[in-house]
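Use the sequences and the hints to build the structure in full.
Protein chains in written order, with this note's numbering: chain A, 286 to 635; chain B, -19 to 238.
Simulated from the structure, these hints should not be mistaken for laboratory data.
Every clue listed holds true.
Distance condition first, Cα-Cα at most 25 Å in a straight line; then the derived BS3-like pairs of lysine-lysine: (1) A:429 - A:481; (2) A:549 - A:352; (3) B:-2 - A:400; (4) B:-2 - A:394; (5) A:617 - B:12; (6) A:617 - A:394; (7) A:411 - A:565; (8) A:628 - A:482; (9) A:628 - B:12; (10) A:411 - A:394; (11) A:628 - A:481; (12) A:400 - A:329; (13) A:329 - A:345; (14) B:12 - B:25; (15) A:481 - B:12.
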Amino acid sequence: MWYTFLRSILEERVQGMKRYRGTAPAIAITAALALAGCGGSAGKTLNIVGFSVMEQANQKVFDAFEKTDAGSGYTLQGSYGASGTQRDAVIGGQAADEVHLSLEPDVQKLVDAGKVAQDWKDNDTKGICTDSVVVFGVQSGNPKNITTWDDLLQPGVQIVTPDPGSSGSAKWNLLAAYGAYLQETGSASGAEADMKKFMANVVSWPDSGRDATTSFENGTGDVLLSYENEVILARQSGQDIDYVDPPTSLLIENPCAVTVGAPKAASDFLDFQKSAAGQKLYAETGFRPLPGVDVGSVTVEGANDPDNPFPTIEHLLTVDDDFGGWDAANEKYFDDTNGILTKLKADSAQ
Amino acid sequence: MLWFSLLVLIPLAALVVKATGGGLGTFVDVLKGSETRDALWLTVKTSLVVTIVNVVVGTLIAWELVRDRPVAGVGDWVWGKVRVVVDLVIDVPFALPTIVAGLVLLGLYGPHSPIGLHWAPTTQRAILAAIAFVTLPFVVRSVQPVLEELDTDVEDAAASLGANRLTVLRRIVLPALVPAIFAGASMSFARGLSEYGSLVLLSSNSPHRTETVSVRLFSFIEQSDTRSASALATILLIVALLAIVVLDVVQRRVAARG
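Written out as structure tokens, the structure is:
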């Protein structure tokens, strides 16, 4: 009796951790092993640890890199999960040559743990590998005609956004909302009042961005706050949902870094990710190309207009310019006890 | 015993050490958070209700599987087949990866519900349904083998001595089943406490309303607050222990009285 009970708890825990590691990487690994076997090369492995959204996007980038001169002879192996979980796994000793996480503070924690060099941000993109923006996912045909942040505050509008406690992507979403309301009302108190209404309209706080999308696809809510690339990917996978680029949004910047002691091929891969070729492949799965990288014309299936997939956002906020960087933003808005948004969320249900 | 130690005792000891490393203060801090308290209460409350339901329904299902023919007039052959199918299907909620269970239940109780029950993801009833779903097999599976072993001769003897069916059930059958029922109940309760996977999609995680303790735990882990996480896990462990001890005591009482 005891044993069964404890076993069920342990199993549960393990399942929670492994949930995201689906069959895709397993297939990729098998395929890669098969290829390596045919080629007869020694087959060195590069371990890439990414946050969950990168799983589908990385398939093509891995393949393309393995065909370059720098990448020949290497097999890339991806591990995916929630950004914070991946961060802790790497600190705990999981093999990682490059990390690609959702939030800068997650990489900073790896710096603190000695896994990533201090100067990881000293490059053209300040350590950023992929960009996206916060958008409104809406149910097919946008039945509630949601186009602006004000529409989200109307009585009866149901919002789905992941829980900022457990999910990195939720922080992007809530900051975007706060920034938009700050801009509209022109004062912190006004923004907080609007955020209060916003929180009251949230019907579901799933534990990750991916679960939020799944929940929304199954009919929960009228608006899904999400990454543009996440919604485009869902549409590419045949999901019947629409999305709206709001007039004000936040630039989502996902950091990447090589780990201490990683082979040169790891930084070659990182450079490839940021190159025009790499960014074009990412763009095809819905990421906005990094500023200054010209990917030429790219057709993105699943975008509202596949030939003009990334329309300019009227007011595009950034964490650095509008919120004083992640350190300041985390403390001010998401501190576990005193964060403005943490408190508003905790009060929202009472 | 070595296997048991490696698998269970060492991780548990590590957990408790980690949690107590911060002193009693960590526990107090964790319980001070009203969000955590509400999550804990919701989880305990729901698991209790589900366990009570499982005790009744699970025992009935086991009975149906082993003994009864529910509808008079149905041929032995048909009932035999039905029994085989039910016997197979009963384990599915346990065997299914819980995230899949969550997805299935969201389809059933969610906004697109084909049966018109729009419980998920905003009501506590959805959580109740999910926990009931994944814990159903526990009581059934612990009662069923005991019932199969139970000799009907004693019941027949009691009946021939003038006991009516209810008396037979109360004095002969139930006392034999009580240990199994309670063993199933404690597994069902413990599993309810720790349920995570199926709730990920089914519950809206709204603070104070539909956030369960396992989800709260996950938040602590994601925020690298491992100390609070282990403290909360230890509290959960104590609640489970307490429940098992209480159930055990009650079971002994009941058995002694029977």
